[in-house]
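Modelling step: build the complete structure from the supplied sequences, incorporating the hints.
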Amino acid sequence: MVISLVKQVRKERPLIHNMTNTVVMNFTANGLLAFGGSPIMANAKQEAPDVTRLSQGLLLNIGTLHEDQVQAMILAGKTANEIGIPVVLDPVGAPATTYRSEVCRKILDEVQPTVIKGNAGELAHLVGMEVETKGVDSTGKGDLISIVKEVSEEYGTGAVCTGEKDVGCIEGDVFINETGHPLLGQITGSGCLLGSLLAAGLSVAGDTSDKILATLNYYGQAAERAASRPDVEGPGTFLPRFIDSLAAEVEHAG
Amino acid sequence: MVISLVKQVRKERPLIHNMTNTVVMNFTANGLLAFGGSPIMANAKQEAPDVTRLSQGLLLNIGTLHEDQVQAMILAGKTANEIGIPVVLDPVGAPATTYRSEVCRKILDEVQPTVIKGNAGELAHLVGMEVETKGVDSTGKGDLISIVKEVSEEYGTGAVCTGEKDVGCIEGDVFINETGHPLLGQITGSGCLLGSLLAAGLSVAGDTSDKILATLNYYGQAAERAASRPDVEGPGTFLPRFIDSLAAEVEHAG
Amino acid sequence: MVISLVKQVRKERPLIHNMTNTVVMNFTANGLLAFGGSPIMANAKQEAPDVTRLSQGLLLNIGTLHEDQVQAMILAGKTANEIGIPVVLDPVGAPATTYRSEVCRKILDEVQPTVIKGNAGELAHLVGMEVETKGVDSTGKGDLISIVKEVSEEYGTGAVCTGEKDVGCIEGDVFINETGHPLLGQITGSGCLLGSLLAAGLSVAGDTSDKILATLNYYGQAAERAASRPDVEGPGTFLPRFIDSLAAEVEHAG
Numbered sequence: 001m002v003i004s005l006v007k008q009v010r011k012e013r014p015l016i017h018n019m020t021n022t023v024v025m026n027f028t029a030n031g032l033l034a035f036g037g038s039p040i041m042a043n044a045k046q047e048a049p050d051v052t053r054l055s056q057g058l059l060l061n062i063g064t065l066h067e068d069q070v071q072a073m074i075l076a077g078k079t080a081n082e083i084g085i086p087v088v089l090d091p092v093g094a095p096a097t098t099y100r101s102e103v104c105r106k107i108l109d110e111v112q113p114t115v116i117k118g119n120a121g122e123l124a125h126l127v128g129m130e131v132e133t134k135g136v137d138s139t140g141k142g143d144l145i146s147i148v149k150e151v152s153e154e155y156g157t158g159a160v161c162t163g164e165k166d167v168g169c170i171e172g173d174v175f176i177n178e179t180g181h182p183l184l185g186q187i188t189g190s191g192c193l194l195g196s197l198l199a200a201g202l203s204v205a206g207d208t209s210d211k212i213l214a215t216l217n218y219y220g221q222a223a224e225r226a227a228s229r230p231d232v233e234g235p236g237t238f239l240p241r242f243i244d245s246l247a248a249e250v251e252h253a254g
Numbered sequence: 001m002v003i004s005l006v007k008q009v010r011k012e013r014p015l016i017h018n019m020t021n022t023v024v025m026n027f028t029a030n031g032l033l034a035f036g037g038s039p040i041m042a043n044a045k046q047e048a049p050d051v052t053r054l055s056q057g058l059l060l061n062i063g064t065l066h067e068d069q070v071q072a073m074i075l076a077g078k079t080a081n082e083i084g085i086p087v088v089l090d091p092v093g094a095p096a097t098t099y100r101s102e103v104c105r106k107i108l109d110e111v112q113p114t115v116i117k118g119n120a121g122e123l124a125h126l127v128g129m130e131v132e133t134k135g136v137d138s139t140g141k142g143d144l145i146s147i148v149k150e151v152s153e154e155y156g157t158g159a160v161c162t163g164e165k166d167v168g169c170i171e172g173d174v175f176i177n178e179t180g181h182p183l184l185g186q187i188t189g190s191g192c193l194l195g196s197l198l199a200a201g202l203s204v205a206g207d208t209s210d211k212i213l214a215t216l217n218y219y220g221q222a223a224e225r226a227a228s229r230p231d232v233e234g235p236g237t238f239l240p241r242f243i244d245s246l247a248a249e250v251e252h253a254g
Numbered sequence: 001m002v003i004s005l006v007k008q009v010r011k012e013r014p015l016i017h018n019m020t021n022t023v024v025m026n027f028t029a030n031g032l033l034a035f036g037g038s039p040i041m042a043n044a045k046q047e048a049p050d051v052t053r054l055s056q057g058l059l060l061n062i063g064t065l066h067e068d069q070v071q072a073m074i075l076a077g078k079t080a081n082e083i084g085i086p087v088v089l090d091p092v093g094a095p096a097t098t099y100r101s102e103v104c105r106k107i108l109d110e111v112q113p114t115v116i117k118g119n120a121g122e123l124a125h126l127v128g129m130e131v132e133t134k135g136v137d138s139t140g141k142g143d144l145i146s147i148v149k150e151v152s153e154e155y156g157t158g159a160v161c162t163g164e165k166d167v168g169c170i171e172g173d174v175f176i177n178e179t180g181h182p183l184l185g186q187i188t189g190s191g192c193l194l195g196s197l198l199a200a201g202l203s204v205a206g207d208t209s210d211k212i213l214a215t216l217n218y219y220g221q222a223a224e225r226a227a228s229r230p231d232v233e234g235p236g237t238f239l240p241r242f243i244d245s246l247a248a249e250v251e252h253a254g
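Residue numbers (UniProt numbering), protein chains in the order written: chain A, 1 to 254; chain B, 1 to 254; chain C, 1 to 254.
Careful, some of the hints might be misleading.
[As the list claims (entries may be wrong)] Sample of chain B residues at the chain A side, in silico, Cβ under 8 Å: (1) 66; (2) 156; (3) 182.
[Claimed, not checked] Heads up, simulated DSSO-like pairs for lysine-lysine below, C-alpha to C-alpha not over 30 Å straight-line: (4) A/7 with A/45; (5) A/45 with A/149; (6) C/11 with C/106; (7) C/7 with B/45; (8) B/45 with C/106; (9) C/11 with C/78; (10) A/106 with A/78; (11) C/78 with C/149; (12) B/7 with C/165; (13) B/78 with B/149; (14) B/45 with A/45; (15) A/78 with C/45; (16) C/78 with C/106; (17) A/11 with A/78; (18) C/11 with B/11; (19) C/106 with C/149; (20) C/11 with A/106; (21) A/165 with A/149; (22) B/45 with B/7; (23) A/165 with C/106; (24) B/149 with B/165; (25) A/45 with B/149; (26) A/45 with A/106; (27) A/165 with C/7; (28) A/7 with A/165; (29) B/78 with B/106; (30) B/45 with B/78; (31) B/165 with A/7; (32) C/45 with A/45; (33) A/11 with B/165; (34) A/45 with B/7; (35) B/78 with B/11; (36) B/7 with B/165; (37) C/45 with C/7; (38) B/45 with C/149; (39) C/149 with C/165; (40) C/165 with C/7.
Derived from the structure by calculation, the hints contain no laboratory data.
We treat Cβ as the ideally placed atom computed from N, Cα and C, and that holds for glycine.
Below is the structure:
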């Protein structure tokens with residue numbers, strides 16, 4: 001499944017409209033290109049819906065919000081729903097401030113995501129559960145399965161909780177991905193990039209939970225392969241090898 | 001010519017005002033530093049013209065537009081025209097949305113660029129020709145020479161169409177650059193960075209087409225040298241070696 | 001002192017609110033993570049004070065100003081003063097434009113920084129002294145000690161002037177750091193990242209000048225170690241090794 005998904009993405013080169021935070025834009029674009037997608041980024045409300053209309057997937061990531069972008073995200077999200085392309089919502093730091101929390105609600109009132117992905121604290125927050133968080137990073141443990149089940153049910157969407165293990169749920173079915181590497185947690189935007197790859201993975205034909213799981217699996221495997229390289233000695237040297245791993249011929253993906 | 005241009009840039013260290021998209025800012029700044037220029041970035045209309053006034057070249061790249069930036073770009077572009085420094089316009093994704101298309105026209109109504117650079121789809125769009133495009137990436141073939149001739153004539157400017165081969169035109173003379181490497185197409189912002197380097201290359205004394213061609217040639221050669229390194233196995237490991245190549249002692253540039 | 005400071009930062013993992021320029025956000029986040037801090041970035045006035053309230057340190061860097069961000073910076077800075085967390089102000093390019101200069105004054109009228117850090121030209125400008133500058137980079141020599149003394153006295157703050165040697169002053173005491181490497185000057189944002197690390201270093205218990213000096217020392221040492229690696233041949237390959245060095249086990253810090 002992993003190999004066939006990545007091959008299909010590379011065949012179709014889906015254009016993904018990344019409405020994402022300014023910290024991770026470059027890394028997201030390079031990572032998505034490596035995976036096989038084609039990135040486009042546009043945040044102005046004057047053009048966001050038009051860009052979505054050209055695209056095969058939409059990512060809404062609220063990591064560095066500003067007022068205009070919120071309006072543009074809602075317009076783009078509605079357009080994506082209209083034309084039937086997948087929408088991934090990443091509620092970065094939703095529990096951190098009232099503003100982020102309210103923006104999430106507003107987006108969720110107007111836009112139907114295909115998948116909501118976040119860490120435990122972010123997802124728990126969306127369903128009124130509490131886990132210990134620190135800034136945009138979740139440090140709590142909580143019951144991950146119950147969190148993703150609740151999110152999935154309340155919002156009628158797929159839910160993916162990333163962490164040491166990734167736990168997902170869609171229509172009551174729970175799935176778990178165990179690939180990955182601790183170095184992913186030491187580079188900024190590894191979760192944000194995954195959101196973009198999920199949008200790309202979801203854009204091709206196939207069963208939704210299969211596509212999510214294959215994308216998670218490939219992503220974690222790429223990290224494992226990169227981390228195993230002898231010249232990788234920390235997060236700095238991990239990053240270029242990780243991009244290479246994402247871009248590798250899929251036969252090597254194991 | 002290539003060596004003398006790069007030496008001159010490194011002697012003068014031209015300050016280049018990069019009004020560019022948020023995806024590529026960091027890569028552009030590092031690449032321009034490596035080439036020998038000095039980057040400055042300012043997008044607020046309150047200071048953009050003042051920053052241009054300090055600079056030896058201006059880049060206008062519309063990759064992630066927002067309303068305030070458009071006004072600031074026009075003010076900066078007019079200032080650049082007034083003080084007689086080169087202006088490079090990169091109409092990123094111009095065919096993708098009505099908004100981008102209109103912004104391009106508005107800039108071109110008010111600002112005289114020294115060079116317009118883009119891919120085939122972007123340049124063709126500016127002269128009402130059609131080539132197949134996908135998001136911000138051009139996939140069409142079209143007649144590149146006729147595209148750059150038309151753009152150059154219609155806007156009274158140099159025109160550079162980047163791609164497998166780079167094709168340029170200024171005052172009726174056509175020139176072609178054949179250096180480069182496919183890995184450039186796998187990292188985001190390689191075209192955007194080139195725009196900044198063109199502004200730096202154009203800022204020193206000399207014939208315009210010579211300076212453009214030398215910059216294109218050096219850029220492609222740097223990519224070739226980087227790609228040939230044994231530790232480069234994909235776009236991730238290519239990127240740091242490419243920056244090193246751009247920064248290399250120019251005697252090694254061949 | 002260096003080792004104990006870095007160990008303490010890694011134990012506490014201070015959340016640092018980075019209100020910084022769009023050029024260096026990704027590099028700042030990765031560098032701060034490597035040092036041992038936890039980055040958060042939020043520039044909207046709707047949430048900036050709330051994010052500051054969660055944080056253990058605040059960085060105000062004016063490298064790519066826009067109007068909304070100025071208001072948000074002042075709100076965040078006042079909040080930081082209220083709750084007693086360290087504030088680092090980096091007046092990037094203050095002498096370059098009237099707007100930047102005025103924004104600096106406005107921030108300094110309303111916010112009490114713990115440390116102002118900049119290059120010679122930026123600091124000199126804040127106290128009405130003149131040194132030769134080029135864009136955001138200082139090229140002048142001036143009397144660094146008198147500059148930091150003046151800044152420290154006029155604003156009742158620590159002052160750090162970065163350059164070949166870093167010269168600092170707090171409450172009349174002058175200190176000098178001699179670690180560092182010329183490659184730091186060839187990558188964009190090395191000064192900006194240092195501002196974020198200073199906020200993290202200042203957030204733990206201890207004497208202010210000790211903490212500043214230890215942070216400067218560690219930063220420069222990390223650059224020296226990275227530059228000495230055999231595979232580092234320029235600014236491109238230096239960058240990943242530098243992040244690794246910042247992240248290294250502190251026993252190796254020497």
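Status of the hints after comparison with the structure:
1. 66: holds, 5 Å
2. 156: Since the shortest Cβ distance to chain A is 28 Å, the answer is violated.
3. 182: Status violated, d = 12 Å.
4. A/7 with A/45: violated, 34 Å
5. A/45 with A/149: violated, 33 Å
6. C/11 with C/106: violated, 36 Å
7. C/7 with B/45: It is violated: about 44 Å lies between the C-alpha atoms, which goes past 30 Å.
8. B/45 with C/106: holds, 18 Å
9. C/11 with C/78: holds, 27 Å
10. A/106 with A/78: holds, 12 Å
11. C/78 with C/149: holds, 25 Å
12. B/7 with C/165: At roughly 28 Å apart (the allowed maximum being 30 Å), residue 165 of chain C and residue 7 of chain B satisfy the hint.
13. B/78 with B/149: holds, 25 Å
14. B/45 with A/45: holds, 20 Å
15. A/78 with C/45: holds, 26 Å
16. C/78 with C/106: This hinted pair holds, its Cα atoms lying about 12 Å apart.
17. A/11 with A/78: The hint holds at about 27 Å.
18. C/11 with B/11: Measuring from Cα to Cα gives roughly 47 Å; hence the hint is violated.
19. C/106 with C/149: holds, 21 Å
20. C/11 with A/106: The given pair, whose Cα atoms are some 37 Å apart, is violated under the 30 Å limit.
21. A/165 with A/149: Given pair residue 165 of chain A, residue 149 of chain A holds - Cα atoms ~16 Å apart, limit 30 Å.
22. B/45 with B/7: violated, 34 Å
23. A/165 with C/106: violated, 47 Å
24. B/149 with B/165: Given that 30 Å is the threshold and the Cα spacing comes to 16 Å, the pair holds.
25. A/45 with B/149: violated, 34 Å
26. A/45 with A/106: Holds, because 16 Å separates the two Cα atoms, which is no more than 30 Å.
27. A/165 with C/7: Roughly 28 Å between the alpha carbons, so the hint for residue 165 of chain A and residue 7 of chain C holds.
28. A/7 with A/165: holds, 25 Å
29. B/78 with B/106: holds, 12 Å
30. B/45 with B/78: Within the cut-off at roughly 12 Å; holds.
31. B/165 with A/7: Distance ~28 Å between residue 165 of chain B and residue 7 of chain A Cα, so the pair holds.
32. C/45 with A/45: Distance of about 20 Å is within 30 Å: holds.
33. A/11 with B/165: Within the cut-off at roughly 24 Å; holds.
34. A/45 with B/7: Not OK: residue 45 of chain A and residue 7 of chain B at ~44 Å, beyond 30 Å, violated.
35. B/78 with B/11: Judged against 30 Å, a Cα distance of about 27 Å means the pair holds.
36. B/7 with B/165: holds, 25 Å
37. C/45 with C/7: violated, 34 Å
38. B/45 with C/149: violated, 34 Å
39. C/149 with C/165: holds, 16 Å
40. C/165 with C/7: holds, 25 Å
Hints 2, 3, 4, 5, 6, 7, 18, 20, 22, 23, 25, 34, 37 and 38 from the list above are not met by this structure, while the remaining hints are.
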